[in-house]
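Asker: Single-letter residue listing:
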Amino acid sequence: VTPQLGGVPGFRDLLPLEAEILREAQESLLAEMRRWGYRHVITPLVENMDVLDLGLGIEQRRRLFKFTDGRGDVVALVGERTVPVARLVAGKLRAAALPLRLCYAGPVLSTDEGRFQQRRETYQVGAELVGASGPVADAEVIALAARCMEATGIRRYQIDVGHAEFFHGIMDAVKLPDEVKSAVRAALAARDFVALESLLEGTPLKSAEHELLLRFPALRGGPEILAAAGGLVRNRRSEAALSELAQVRDLLVAHGIGDVVNLDLGAIRDFDYYTGVIFEGYGPDFGRPVAQGGRYDSLLSRFGRPAPATGFMVQLDLVSEMLTRSARPPALPRIDAAVAWTGSGLDTALRLGSTLRLFGMRAVVDTESRGVAEAKAWWHAVGAANLIHCRSKAVVSWSTQGQRTRSLPPEQVAARLAGGLS
Amino acid sequence: MTRDDQVSIAIPTGALLNGALSLLAASGLARLTAEELGRQLLLERGEVRVILVRPSDVPAYVDHGAADLGIVGKDILWETPGSHYELVDLRFGDCRLVLAVPDSSTVDGPDTWPPLMRVATKYPRTSSAWFEARGQAVEVVRLHGSVELAPQVGLVDGIVDLTATGRTLRENKLRITAVLGSSTARLIANQASLKTRSSAVQSVLSRLREASGRAG
Numbered sequence: 001v002t003p004q005l006g007g008v009p010g011f012r013d014l015l016p017l018e019a020e021i022l023r024e025a026q027e028s029l030l031a032e033m034r035r036w037g038y039r040h041v042i043t044p045l046v047e048n049m050d051v052l053d054l055g056l057g058i059e060q061r062r063r064l065f066k067f068t069d070g071r072g073d074v075v076a077l078v079g080e081r082t083v084p085v086a087r088l089v090a091g092k093l094r095a096a097a098l099p100l101r102l103c104y105a106g107p108v109l110s111t112d113e114g115r116f117q118q119r120r121e122t123y124q125v126g127a128e129l130v131g132a133s134g135p136v137a138d139a140e141v142i143a144l145a146a147r148c149m150e151a152t153g154i155r156r157y158q159i160d161v162g163h164a165e166f167f168h169g170i171m172d173a174v175k176l177p178d179e180v181k182s183a184v185r186a187a188l189a190a191r192d193f194v195a196l197e198s199l200l201e202g203t204p205l206k207s208a209e210h211e212l213l214l215r216f217p218a219l220r221g222g223p224e225i226l227a228a229a230g231g232l233v234r235n236r237r238s239e240a241a242l243s244e245l246a247q248v249r250d251l252l253v254a255h256g257i258g259d260v261v262n263l264d265l266g267a268i269r270d271f272d273y274y275t276g277v278i279f280e281g282y283g284p285d286f287g288r289p290v291a292q293g294g295r296y297d298s299l300l301s302r303f304g305r306p307a308p309a310t311g312f313m314v315q316l317d318l319v320s321e322m323l324t325r326s327a328r329p330p331a332l333p334r335i336d337a338a339v340a341w342t343g344s345g346l347d348t349a350l351r352l353g354s355t356l357r358l359f360g361m362r363a364v365v366d367t368e369s370r371g372v373a374e375a376k377a378w379w380h381a382v383g384a385a386n387l388i389h390c391r392s393k394a395v396v397s398w399s400t401q402g403q404r405t406r407s408l409p410p411e412q413v414a415a416r417l418a419g420g421l422s
Numbered sequence: 001m002t003r004d005d006q007v008s009i010a011i012p013t014g015a016l017l018n019g020a021l022s023l024l025a026a027s028g029l030a031r032l033t034a035e036e037l038g039r040q041l042l043l044e045r046g047e048v049r050v051i052l053v054r055p056s057d058v059p060a061y062v063d064h065g066a067a068d069l070g071i072v073g074k075d076i077l078w079e080t081p082g083s084h085y086e087l088v089d090l091r092f093g094d095c096r097l098v099l100a101v102p103d104s105s106t107v108d109g110p111d112t113w114p115p116l117m118r119v120a121t122k123y124p125r126t127s128s129a130w131f132e133a134r135g136q137a138v139e140v141v142r143l144h145g146s147v148e149l150a151p152q153v154g155l156v157d158g159i160v161d162l163t164a165t166g167r168t169l170r171e172n173k174l175r176i177t178a179v180l181g182s183s184t185a186r187l188i189a190n191q192a193s194l195k196t197r198s199s200a201v202q203s204v205l206s207r208l209r210e211a212s213g214r215a216g
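Those protein sequences? They're chains A and B, same order as listed. If you use the numbering used here, the first sequence corresponds to residues 1 to 422, in order. If you use the numbering used here, the second sequence corresponds to residues 1 to 216, in order.
Possibly wrong hints are sitting among the right ones.
What the hints assert, rightly or not - Example chain A residues on the side facing chain B (calculated, C-beta under 7 Å, incomplete): (1) D160; (2) D192; (3) F193; (4) L214; (5) P217; (6) Y282; (7) G287; (8) R288.
No lab work stands behind these hints, which were simulated from the structure alone. Glycine included, C-beta positions come from ideal geometry on N, C-alpha and C.
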């Protein structure tokens with residue numbers, strides 16, 4: 001039997017270049033979050049099912065990898081990381097004063113192979129602001145998301161900001177029988193506006209809200225859209241949402257990101273989960289959002305510590321894919337020195353390797369003795385910028401592309417490399 | 001004109017192609033013939049790029065953002081739900097998804113269905129969901145072509161297939177016993193295109209919407 005060298009379907013290996021890009025992006029995201037005072041927490045890959053049940057919808061629960069541990073508890077591999085953070089805030093961090101600013105990074109898993117690239121394991125980096133309500137907190141998290149996208153090196157991105165309450169207000173106000181309302185919700189969740197139109201056509205009672213639902217995908221633009229929508233809604237919930245959005249938008253201008261922000265009143269998201277301002281971040285020429293987030297004020301109370309909360313997560317895989325496809329894709333950093341040796345040169349080679357690393361350079365010391373010609377071949381295979389061949393204690397020969405090989409004492413080679421000289 | 005303000009539209013080969021081309025012409029966006037598009041597969045005309053793909057591939061092009069908009073039969077969308085927006089019923093390409101059985105079969109209404117119904121289809125997802133909703137156990141055999149043949153050789157009790165006129169079914173001595181759904185051409189849009197390239201996409205969208213309203 002040949003082993004499955006490709007791994008389990010839906011799970012990917014990241015080869016050195018991809019792994020490097022992903023790790024770099026993750027570090028830039030976490031670094032930006034820390035600059036805003038968010039503390040990094042690491043929660044386990046496994047959670048008890050009864051914890052996840054509190055925070056996830058039926059569909060999300062269905063897609064979890066579940067199994068029982070030795071005690072007979074049903075546990076699952078996490079499919080997102082906001083619920084574990086909520087568990088932490090209500091549990092071990094119960095004594096910590098609110099508001100709490102926390103961030104995380106890690107893989108999330110799903111039994112479904114996603115529509116895109118059939119991935120069942122993806123990587124998310126996220127931030128949560130727990131215990132703060134109102135537009136200032138909403139704007140902080142949105143501005144942080146924008147700066148995070150910038151920090152990874154994505155150019156030309158935009159953030160669409162909407163409000164879950166705008167939708168809830170409309171659904172309260174439309175005069176429809178309950179079963180039609182739930183069909184309307186289902187059609188919207190499926191983004192099926194043809195079905196929505198035929199559902200609404202069949203009802204005799206027309207209202208302004210009715211009209212708004214049909215125009216959902218087009219309710220998008222700058223601040224002028226708020227006034228336009230304000231003229232159409234006749235219910236308090238939607239009106240309150242509009243005025244909150246106006247405040248958030250002003251704050252985002254003050255944050256310095258007014259030019260990348262659009263208002264999207266027709267944003268369609270998980271409306272059972274989100275309770276207030278919601279947003280999505282888009283990169284250039286990419287068919288789906290890279291960052292998603294919003295206010296979820298009802299989650300923490302299910303864990304016994306009622307608190308308002310808002311946050312977002314960035315799809316790290318998408319970020320690294322965007323960077324890979326950008327005009328100047330990141331390259332794998334070069335190995336600075338290949339240190340070869342022969343005869344009594346091994347000690348010198350090992351010492352030289354340590355010295356170079358001490359100066360922050362990448363140095364690989366050969367594992368076997370090689371003559372001059374073999375050492376050159378090995379140098380090219382390693383792909384290093386320099387070859388240092390050690391044959392004795394006193395003198396080593398140093399080769400670099402486009403220059404003749406020189407014989408120098410090892411300390412001098414180290415000093416010159418460290419000083420960026422050739 | 002750069003890639004940024006050009007809007008790309010995926011249109012399907014096959015039965016919906018002529019309707020899609022008439023719509024593009026009526027909206028004033030592009031006048032193309034099936035022949036030139038068949039040769040090129042990708043044509044640029046002013047503000048639009050038209051991409052010709054297999055019907056079942058349209059959602060993939062749109063969901064991945066390779067096309068901003070797509071014209072596709074509702075029957076395809078039943079099988080491949082995705083992240084796109086379904087925006088307009090274009091009101092052409094009418095057809096029905098039906099359950100058909102051999103003329104000689106005793107199967108007719110739900111009370112005559114066998115305890116385990118076996119059907120052959122190119123629409124496994126839609127078929128399973130439809131029978132399940134009616135409390136009927138079903139074994140779906142997924143075929144890729146010549147579905148009409150399957151009941152004649154005893155592979156299955158019936159077929160679930162798309163029909164516009166019913167002629168192919170009659171020719172194969174099959175009769176319709178139930179209609180699972182009606183399909184027409186739909187206009188779908190990528191979720192991000194509607195946001196990141198909003199004004200260009202919305203403008204093309206409204207011209208297509210208006211043209212389809214005039215035709216219907």
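Asker: Kindly indicate which numbered hints from before are broken by the structure, ordering the numbers from low to high.
Answerer: As far as the earlier hints go, only 4 is violated by this structure.
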